[in-house]
Each structure stands twice: as structure tokens, then as C-alpha cells.
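Asker: Just so you know, the sequences run in chain order Y and A.
Residue 50 in my numbering is what sits at position 50 of the first sequence, and the numbering runs on without skipping anything.
Residue 62 in my numbering is what sits at position 62 of the second sequence, and the numbering runs on without skipping anything.
Because the hints were derived from the structure by calculation, they are not lab data.
Every residue gets a Cβ at the ideal spot worked out from N, C-alpha and C, and that includes glycine.
Possibly wrong hints are sitting among the right ones.
[What the hints assert, rightly or not] Below, a sample of chain Y positions facing chain A; criterion: calculated Cβ distance under 7 Å:
| no. | residue |
| --- | --- |
| 1 | N59 |
| 2 | F60 |
| 3 | S79 |
[To be verified] Every beta carbon over 12 Å from chain A, so not counted as near; a handful from chain Y, in silico:
| no. | residue |
| --- | --- |
| 4 | P8 |
| 5 | N71 |
| 6 | A103 |
| 7 | V114 |
[What the hints assert, rightly or not] Under the rule of at most 20 Å between Cα atoms (straight-line distance), these lysine to aspartate or glutamate pairs were calculated in the EDC-like manner:
| no. | chain 1 | residue 1 | chain 2 | residue 2 |
| --- | --- | --- | --- | --- |
| 8 | Y | K57 | A | D81 |
| 9 | A | K22 | A | E54 |
| 10 | Y | K57 | A | E91 |
| 11 | A | K57 | Y | E52 |
| 12 | A | K15 | A | E91 |
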Amino acid sequence: KAGVTQTPRYLIKTRGQQVTLSCSPISGHRSVSWYQQTPGQGLQFLFEYFSETQRNKGNFPGRFSGRQFSNSRSEMNVSTLELGDSALYLCASSIRTGTAAEAFFGQGTRLTVV
Amino acid sequence: AQRVTQPEKLLSVFKGAPVELKCNYSYSGSPELFWYVQYSRQRLQLLLRHISRESIKGFTADLNKGETSFHLKKPFAQEEDSAMYYCALREGGTASKLTFGTGTRLQVTL
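Given these sequences and hints, build the entire structure.
Answerer: Here is the structure:
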């Protein structure tokens with residue numbers, strides 16, 4: 001069974017640009033969550049999508065957005081990039097949302113903003 | 001708001017020594033607690049969760065609601081246990097959001 005796939009693996013962008021990251025969940029998984037990992041803040045929850053609907057959102061500015069398609073694939077978008085957005089962005093998929101659903105993580109997309 | 005605290009950034013032990021990685025949490029409801037592990041150059045993966053009450057790779061963790069702790073323990077450390085360990089909390093209910101601690105790097109030396 002293929003794991004969670006994130007593309008691209010590495011990305012370098014300039015301040016002010018926008019970026020789109022992609023996540024393909026494990027087949028059959030309908031919930032996709034996104035996390036930002038930085039040395040200073042650790043792993044922080046961005047948002048969760050389930051059945052194409054945003055279920056939960058973390059404490060991030062509106063520049064961070066996401067969506068989920070009917071095949072459960074998800075994208076997250078960051079507009080007007082800032083240097084502080086440099087981070088490893090992780091996607092996790094679960095077969096369902098909520099209690100007892102195990103989350104499987106992708107390898108992440110490392111975004112560098114210069 | 002929920003919070004997970006892992007007080008140690010680095011824990012260094014000798015092979016064969018006991019290991020205890022500490023995790024404390026604050027949450028007013030009934031949380032689910034997890035331990036995730038990240039080996040070098042590998043993705044974050046679930047090690048164990050309190051609702052399963054199982055032992056994985058010799059590791060166990062007991063949820064202590066009175067002390068709001070979920071410490072990870074192993075009686076005899078192995079070299080292959082060297083990794084980054086994250087404690088995480090999920091609120092009960094329908095949300096999937098995980099709140100992570102800052103992680104503890106376990107270093108097992110000969």
C-alpha cells in the first residue's frame with residue numbers, strides 16, 4: 001500500500017511569491033491534515049480536511065489556505081510568502097476523522113523562502 | 001487550550017539502560033495520547049497510543065490522569081532506539097488535530 005505522498009519534496013521561493021503544496025493520502029483515507037514544523041515552534045497544526053470540507057483550523061494567518069478534492073488529494077497554498085514561512089510542511093492522512101483514527105505522515109515538503 | 005510538554009530536548013543513555021521519556025499535558029477533557037517517533041531520514045510514525053495499551057518495540061506508556069502524564073518507558077535501551085520522540089494529544093470527539101510536544105532526542109550509546 002503506497003504511503004502518503006507529498007510533492008514537491010523541496011522548494012525555494014522568494015519573499016512575496018505564493019506556493020502550492022500537494023498531498024496524496026493513502027488510498028481510502030478521507031481525512032487530510034497539514035502541519036508546519038520549524039526548529040523554534042515544533043510541529044503546529046494548520047488545518048484538516050475531511051470529505052472536501054475544512055473541519056478544523058489552527059492559529060495561522062489567512063495567507064495559509066487549503067482545499068481537498070473529491071479523490072481526497074489535498075493542496076495547501078501560502079500567499080505573499082515571508083521569510084518566517086520557511087519550514088517543513090507535513091501532511092497526514094487518516095481513514096476517518098476523530099477518535100482512534102491513526103494518522104499516517106508524509107515525508108514533507110521543505111520550503112525555503114529567500 | 002491544550003498543551004503538551006516534553007521537558008527534555010536530549011536524553012542520552014547507555015545501551016541496556018532503562019529509558020523514560022517524559023510527557024505532561026494540560027487539557028480539561030478526556031484526551032487521546034500518542035507517542036510518535038522519527039528515525040533518521042524517515043517519516044514521522046506512530047509508536048503507540050494510550051487507548052491500545054500495547055507494547056511496541058519494548059516501549060510502553062501509561063496515561064496517568066491524576067498527574068496528567070504519559071511517560072514513555074523501555075527497560076533496556078537498544079542502539080536502534082536512537083531517534084526523535086514526540087508526544088501528542090488529540091481532543092476527544094470528531095477532530096483529528098494533534099497537538100505535539102517539542103520532542104526529545106534519544107541517543108543510545110555503547
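Asker: Can the hint on S79(Y) be confirmed by a CB-to-CB distance to chain A that is less than 7 Å?
Answerer: Result: violated, 23 Å to nearest chain A Cβ.
Asker: Just want to verify: A103(Y) was marked as not at the interface with chain A; is every Cβ pair farther apart than 12 Å?
Answerer: Given a closest Cβ separation of 7 Å, the condition is violated.
Asker: If I take the minimum Cβ distance from V114(Y) to any residue of chain A, is it greater than 12 Å?
Answerer: Fine: 25 Å to the nearest Cβ keeps V114(Y) off the interface.
Asker: Do the numbers back the hint for N59(Y), that is, is its least Cβ distance to chain A under 7 Å?
Answerer: violated, 9 Å
Asker: Is the hinted pair K57(A) and E52(Y) satisfied, with a Cα-Cα distance of at most 20 Å?
Answerer: violated, 36 Å
Asker: Under the criterion of a CB-CB separation shorter than 7 Å, is F60(Y) in contact with chain A as hinted?
Answerer: violated, 13 Å
Asker: CA of K57(Y) to CA of E91(A), is that 20 Å or under?
Answerer: Measuring from Cα to Cα gives roughly 14 Å; hence the hint holds.
Asker: Below or equal to 20 Å on CA atoms is what counts here, so check K57(Y) against D81(A).
Answerer: violated, 34 Å
Asker: With the threshold set at 20 Å, check whether the alpha-carbon distance from K22(A) to E54(A) stays at or below it.
Answerer: Roughly 18 Å separates the two Cα atoms, so the pair holds.
Asker: Taking the closest pair, is the beta carbon of N71(Y) still more than 12 Å from chain A?
Answerer: holds, 19 Å
Asker: Holds or violated: K15(A) and E91(A), Cα atoms, limit 20 Å.
Answerer: violated, 36 Å
Asker: Can we trust that P8(Y) is non-interface, i.e. its beta-carbon lies farther than 12 Å from all of chain A?
Answerer: holds, 16 Å
Figure legend: structure checked against the earlier numbered hints; hints not met, in rising order: 1, 2, 3, 6, 8, 11, 12.
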